[in-house]
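Work out the full structure, taking the sequences as your base and the hints as a guide.
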Amino acid sequence: MGSDEAAAVRTSGLSRDYGAGRGLFDLDIEVRAGEVFGYLGPNGAGKTTTIRLLMGLARPTRGSAWIFGLDCQSQAVEVKRHVGYVAGEPPQFGALRGREVIAYLGAMAGGIDQAYVKQLTERLELDLSRRFREYSTGNKKKLVLVVAFMHRPRLLILDEPTSGLDPLNQQEFYVMVREARQDGATVFLSSHVLSEVEHICDRVGIIRSGHLVKVASLEDLHRIRMHHVEVEFAGDVPVEAIRRAVGVDGVTAENHRLRCVVRGSFEPLMGALVGAHVVNLTSHEPSLEEAFLAYYSGAEEGVASPC
Amino acid sequence: MLRYAFRLHRWGLVGFAAVMVLSPYFQTGTFAQSAGTTAAQRAAFAHEMSALAVQLSYLLPAPYRVDTLAGYVQWRAWGTFSVVVSVWAIAAAAGAVRGDEEKQLVDSWLAAQVSRPRLVASRLASFGAAALVAVMAASLSTVLAAARYEPVSVAGVAGKALALWLLMVTLFALCSLVAQLTASLRGAQAAGAGLVVVLYLCDIVARSQHSFDGLSWVSPYRWYDATDSMAPGGHLDVAGVGLSVAAILAAGVLTALAFARRDLRGPLFSLPIPAATRDVPPSPALAWPVARLVYRQRWTLAGWMLITALVAVFMVTLAHGAVESLLSLPGMRAFLTHGSSDPYQGFIATFWFGTAELLVAGFAVHLVSGWAADDTEGILAAVLSTPRHRWAVIAERAGAAVVGIVVVVAVGSLAAAVASAGLGTRLDAAGVFRASWPLVPFALTFAAVGAVASTRWPRAAIGVLGILAFASFMTADLPPLMNWPGWVADLSVFQLYGTPLLTGVFWNGLWAMLAIAAVGFGAATLLMQRREVGP
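Residue numbers (our numbering), protein chains in the order written: chain A, 1 to 307; chain B, 1 to 535.
Hint data in this document are derived by calculation from the structure and do not stem from the laboratory.
Be careful, since some hints might not be right.
Stated by the list, open to error - Subject to a maximum C-alpha distance of 25 angstroms in a straight line, what follows is the list of computed SDA-like cross-link-like pairs (lysine to any residue):
id : chain 1 : residue 1 : chain 2 : residue 2
1  : A       : 118       : B       : 283
2  : A       : 118       : B       : 284
3  : B       : 103       : A       : 133
4  : A       : 118       : A       : 133
5  : A       : 118       : B       : 280
6  : B       : 103       : B       : 4
7  : B       : 103       : B       : 283
8  : A       : 118       : A       : 70
As the list claims (entries may be wrong) - Between beta-carbon pairs, the in silico distance windows are:
id : chain 1 : residue 1 : chain 2 : residue 2 : range
9  : B       : 110       : A       : 175       : 36 to 46 angstroms
10 : B       : 254       : A       : 125       : 34 to 44 angstroms
11 : B       : 287       : A       : 131       : 13 to 23 angstroms
12 : B       : 287       : A       : 261       : 41 to 51 angstroms
13 : A       : 32        : B       : 103       : 38 to 48 angstroms
14 : B       : 103       : A       : 59        : 21 to 31 angstroms
Ideal Cβ positions, reconstructed from N, Cα and C, are used throughout, including at glycine.
Now the structure itself:
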């Protein structure tokens with residue numbers, strides 16, 4: 001398989017069994033070159049295990065993984081020439097300064113474009129003259145993001161890259177991901193935040209308890225996504241109109257207050273509220289685990305349906 | 001919380017208690033086999049041991065009534081316990097103060113409304129409880145082992161045990177106090193080790209130079225040595241006990257005050273982080289294999305260079321004052337002039353190069369702790385996420401170890417030669433070189449075993465190396481006791497180095513050390529190829 005034609009990431013029956021039902025089991029996914037692929041799952045689902053297998057840091061119990069057609073185990077060194085990586089937990093470089101960390105890992109990566117590093121650090125407002133131990137959690141994350149992006153890799157493998165970043169830097173990170181994709185890079189990004197992957201990804205693999213549940217398009221994701229909504233009215237509650245709205249479930253009304261669950265778009269609910277005197281409306285997104293449980297309640301662990 | 005804190009000491013307790021239980025057993029056996037049974041034989045044995053004690057004064061206190069089993073075990077087994085428990089106290093205090101903060105356990109306890117003074121008190125109490133178990137085990141082992149040959153006074157053992165327990169708790173309290181000044185686990189370990197080395201030197205200097213007797217009383221080691229109740233006619237030193245108790249209370253109160261004044265994961269005193277820092281370009285060393293690892297370890301290396309140079313100067317200075325008095329002992333005169341007409345050279349061979357073995361082994365262990373930390377702190381995973389072969393990681397560690405060890409050995413030998421010349425005795429340069437370079441393969445054996453341990457069990461690497469060092473030390477004593485062939489003693493890494501300044505390079509030992517280093521780093525390479533990296 002020529003590396004130019006190969007999928008950016010492909011796995012076949014990839015498994016890492018830690019015993020007691022923990023690990024990753026029979027993962028079959030294919031990430032096309034140039035796409036941003038979200039890897040979504042609750043804590044402990046197997047996201048980090050998958051990424052460590054792709055990076056050759058863990059050994060599969062069975063199955064294989066390839067990056068640009070290169071075997072992730074036997075050709076690990078060659079694979080890493082094409083990959084930029086953000087670990088879930090930043091490494092602890094202690095007394096080394098940010099610039100020294102860049103030089104240390106940059107030299108191992110085969111050299112870096114200093115002008116590009118400067119551009120990245122300015123965008124993320126990161127001071128490289130500081131010692132690593134002086135950095136806040138967010139700044140440590142920014143440094144590992146710079147390390148991942150600095151050699152313009154063909155594939156970015158990012159394990160929960162926005163955890164610890166403030167909202168402004170999260171937005172800047174999303175812009176960086178889009179720019180990387182425009183430059184032809186592929187992005188494999190894990191997250192447990194539904195709205196985040198919806199925001200930047202082309203497709204999403206959903207993993208739960210070590211099994212790939214679904215490879216979803218953005219439309220599928222909208223269906224999974226739900227919000228708990230509470231509406232307070234000045235007068236009567238238009239309960240029937242709201243019950244008839246598409247994607248609105250679990251409607252309960254008490255006094256002048258209504259609670260419901262909205263899946264997908266808010267437009268049908270907004271339509272049902274036309275003419276009513278709404279005093280207050282609150283909405284919150286449940287945790288991914290909660291959304292999964294609601295979406296897959298009663299069903300056995302699903303078999304992937306790759307798109 | 002006290003129970004949980006005690007649980008955190010369980011591995012230290014198991015490891016160090018094992019050493020403290022086995023040592024009296026071996027030493028009673030050695031005495032029974034070597035000391036003879038008649039009064040004349042015992043007196044001759046005691047005379048020999050007195051000569052040996054001078055050679056080993058950097059490790060053992062002055063012997064007292066070594067013509068008796070109780071006196072011998074007190075000197076040979078319980079005398080070394082002060083060094084053994086120091087390692088435990090340093091590690092336990094650093095772990096209790098800084099390790100638990102890095103694991104955010106302290107955050108949880110404080111959030112659960114445990115007061116800071118109570119936390120300090122409970123950590124001190126939990127270590128005290130663990131130390132008590134270890135000391136009681138050592139006491140029991142001593143009484144039972146001695147009962148096979150000649151009974152020892154239980155009250156005497158209890159007195160020495162009390163002194164040892166107080167030494168352990170004192171060292172823990174003092175190390176906990178200096179750990180308040182640091183901001184990391186490794187910083188706390190280094191600060192604790194530095195303090196303990198200074199206190200230890202204060203004691204051993206007085207073992208050879210009585211003019212330093214007053215100075216030695218600042219050291220908890222002296223307070224411990226002053227009790228010799230195990231031997232017939234010995235006593236429990238009340239002044240030493242009182243000073244230990246006072247030191248524990250003072251260090252405990254000061255630790256609680258310091259802890260109350262500082263931030264979690266912060267040092268007691270810190271300079272404010274400047275608004276702007278000077279943007280220094282990164283060192284070019286970071287671009288080159290081996291050099292970049294040496295650069296990362298540069299402060300460790302600098303610290304060991306300084307310690308080695310200071311100890312070398314100290315030992316050489318000590319030699320000048322002590323060599324004349326040693327020559328009055330017939331056994332020592334023969335030993336010190338063996339292979340050289342100059343007894344001073346013999347003294348340097350015994351004292352400085354014996355100490356240098358311990359120093360370079362300590363440096364190797366420190367390097368290994370850095371490799372293990374790279375693993376547990378995610379740096380190894382970061383390195384392996386770049387296009388680097390796994391074998392290159394081990395090769396680079398070996399290269400950096402060679403560079404570091406060569407530098408430390410060279411600095412130590414140079415300092416010894418310069419100090420000696422300054423005191424009017426010129427050391428034979430060829431001899432010093434001949435005795436110095438075998439220290440490199442000697443230290444590499446520890447580094448190589450550490451490479452295997454840090455690759456296979458990164459969190460237990462230092463414990464594994466400690467067991468090796470202890471086993472190596474004991475191997476010299478075991479063969480006669482167990483009726484093993486004499487060559488088994490040569491398996492001790494300390495034996496493999498030999499005494500090259502006096503008797504020339506021990507080539508068989510040298511080849512063995514090189515083989516261990518090659519096999520060790522080779523095995524580490526194979527393990528690294530197969531292992532998983534990260535959590």
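These are the hints, each one checked on the structure:
1. Taken as a hint, the residue 118 of chain A and residue 283 of chain B pair is honoured in the structure, with Cα atoms around 18 angstroms apart against an allowance of 25 angstroms.
2. Proposed proximity of residue 118 of chain A and residue 284 of chain B is supported: the alpha carbons are some 18 angstroms apart, at most 25 angstroms.
3. Distance hint between residue 103 of chain B and residue 133 of chain A is fulfilled; the C-alpha atoms sit about 15 angstroms from each other, no more than 25 angstroms.
4. At most 25 angstroms may separate the alpha-carbon atoms for a hinted pair to count; residue 118 of chain A and residue 133 of chain A meet this at roughly 21 angstroms.
5. Between residue 118 of chain A and residue 280 of chain B the alpha-carbon distance is near 15 angstroms, which keeps this suggested pair within the 25 angstroms criterion.
6. With a C-alpha separation of about 14 angstroms, the suggested pair residue 103 of chain B and residue 4 of chain B falls inside the 25 angstroms cut-off, and the hint holds.
7. Pair hint residue 103 of chain B plus residue 283 of chain B does not hold up; C-alpha atoms about 32 angstroms apart against a cutoff of 25 angstroms.
8. Of the supplied pair hints, the one linking residue 118 of chain A and residue 70 of chain A is violated, its CA atoms being roughly 31 angstroms apart against a limit of 25 angstroms.
9. Judged by the Cβ atoms, the range 36 to 46 angstroms given for residue 110 of chain B and residue 175 of chain A holds: they are separated by roughly 40 angstroms.
10. Judged by the Cβ atoms, the range 34 to 44 angstroms given for residue 254 of chain B and residue 125 of chain A holds: they are separated by roughly 41 angstroms.
11. For the pair residue 287 of chain B and residue 131 of chain A, the beta carbons lie near 20 angstroms from each other, so the given range of 13 to 23 angstroms is met.
12. A hinted range of 41 to 51 angstroms is violated for the C-beta pair residue 287 of chain B and residue 261 of chain A, which are about 57 angstroms apart.
13. Under the hint 38 to 48 angstroms, the C-beta atoms of residue 32 of chain A and residue 103 of chain B, about 42 angstroms apart, fit the expected range.
14. For the pair residue 103 of chain B and residue 59 of chain A, the supplied restraint of 21 to 31 angstroms holds, since their beta-carbon distance comes to about 27 angstroms.
Checked against the numbered hints given earlier, the structure breaks hints 7, 8 and 12 and satisfies all the rest.
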